[in-house]
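When we follow our numbering, the leftmost residue of the sequence shown carries the number 56, and every step to the right adds one.
Keep in mind that the hints are not guaranteed to be accurate.
As the list claims (entries may be wrong) - No farther apart than 27 angstroms at their CA atoms in a straight line, the calculated lysine-lysine pairs in the BS3-like style are these:
1. Lys150 to Lys69
2. Lys301 to Lys150
3. Lys301 to Lys259
4. Lys63 to Lys150
Note that these hints are calculated values from the structure, not bench results.
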Amino acid sequence: MTLIVARKNPVIFKTQAIHIQASKEVLRYAPTGNPLSFFEMQERRQPITVQNPEHFELTVANLGVSVDIQMEWQGRQFQLLVRQDRPDRGDNVLKLLSGYVPAHELRVPLLTAMTEIAEELLVETESGWLQGRYQDTWLPTPYADSLALDEEQVFRLSSLGGSSRPVLCRELNLLERPRAYVHLPSNSLQLVYQMRLALPQSAKRLSLLHTDEFLDEDSGELVAQMDYERPELFLAEHRDGKATGKLFILLRGKLIEQDSQEMLLSEAFAPQHGWIVNAQNCSWQEGLGER
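Generate coordinates for the entire structure from the input sequences, incorporating the hints supplied.
Written out as structure tokens, the structure is:
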């Protein structure tokens with residue numbers, strides 16, 4: 056059953072190109088140039104090359120952010136993945152929760168990461184929908200008008216260990232030390248935050264669902280919807296730091312195994328050389344090794 060959870064006028068998205076200075080020790084970036092619309096940004100996302108993956112200076116089309124979320128459920132360890140059909144790249148992948156960073160958050164991309172979690176990750180219990188907290192900060196509730204909140208329970212996010220190499224916006228170290236890479240095929244800088252999701256132990260009939268947005272051409276509205284029959288939020292099981300190869304969805308308190316054969320993972324899981332990732336995607340076996 057598909058449920059529309061929000062309708063809104065499309066926000067006029069603006070961002071900027073990103074100038075990067077990378078050395079073996081640190082990556083530094085700064086927004087540069089005039090504001091770019093979404094379509095202007097997409098036009099700039101053309102493949103580039105880099106001679107030295109550890110040391111370079113260049114300007115890329117945009118900054119993107121992803122969140123690698125780990126969680127425990129019934130004594131088992133999982134990683135959250137979202138399915139995405141990418142007709143522009145000719146593939147269908149499992150990816151991390153992710154989004155483009157708008158201009159006003161380029162210096163604090165962690166805010167974009169929190170917004171993406173609030174918009175994409177829906178946690179339902181028998182008593183309603185859970186609001187999230189990151190440390191001492193409440194996450195937004197973008198669907199509060201259509202989804203009744205559970206007033207007693209919340210899910211909580213905490214940061215896992217950050218990258219060993221710092222990433223700076225100009226002279227400011229980014230909070231939580233995300234992993235950074237330049238994705239050559241899309242001419243973009245990507246930041247990956249490592250986080251842990253804690254679900255309330257008392258929650259019953261718990262479901263994890265994903266919202267997807269599309270533009271309704273008839274009304275001109277941006278529509279957010281979810282589907283109980285196609286949850287699109289998957290749990291990749293890990294044991295002793297290694298992927299077991301099993302993939303699940305969580306619906307009404309039950310883990311339901313899914314077919315993971317021939318699944319592709321997004322480029323965030325592909326091998327990284329220095330500060331560079333050059334793949335469009337990677338295989339399940341290649342991307343989910345030891346953690």
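Do the hints match the structure? See the list:
no., hint, result
1, Lys150 to Lys69, "holds, 24 angstroms"
2, Lys301 to Lys150, "holds, 16 angstroms"
3, Lys301 to Lys259, "holds, 23 angstroms"
4, Lys63 to Lys150, "holds, 25 angstroms"
Every hint, counting from the list given before, is met by this structure.
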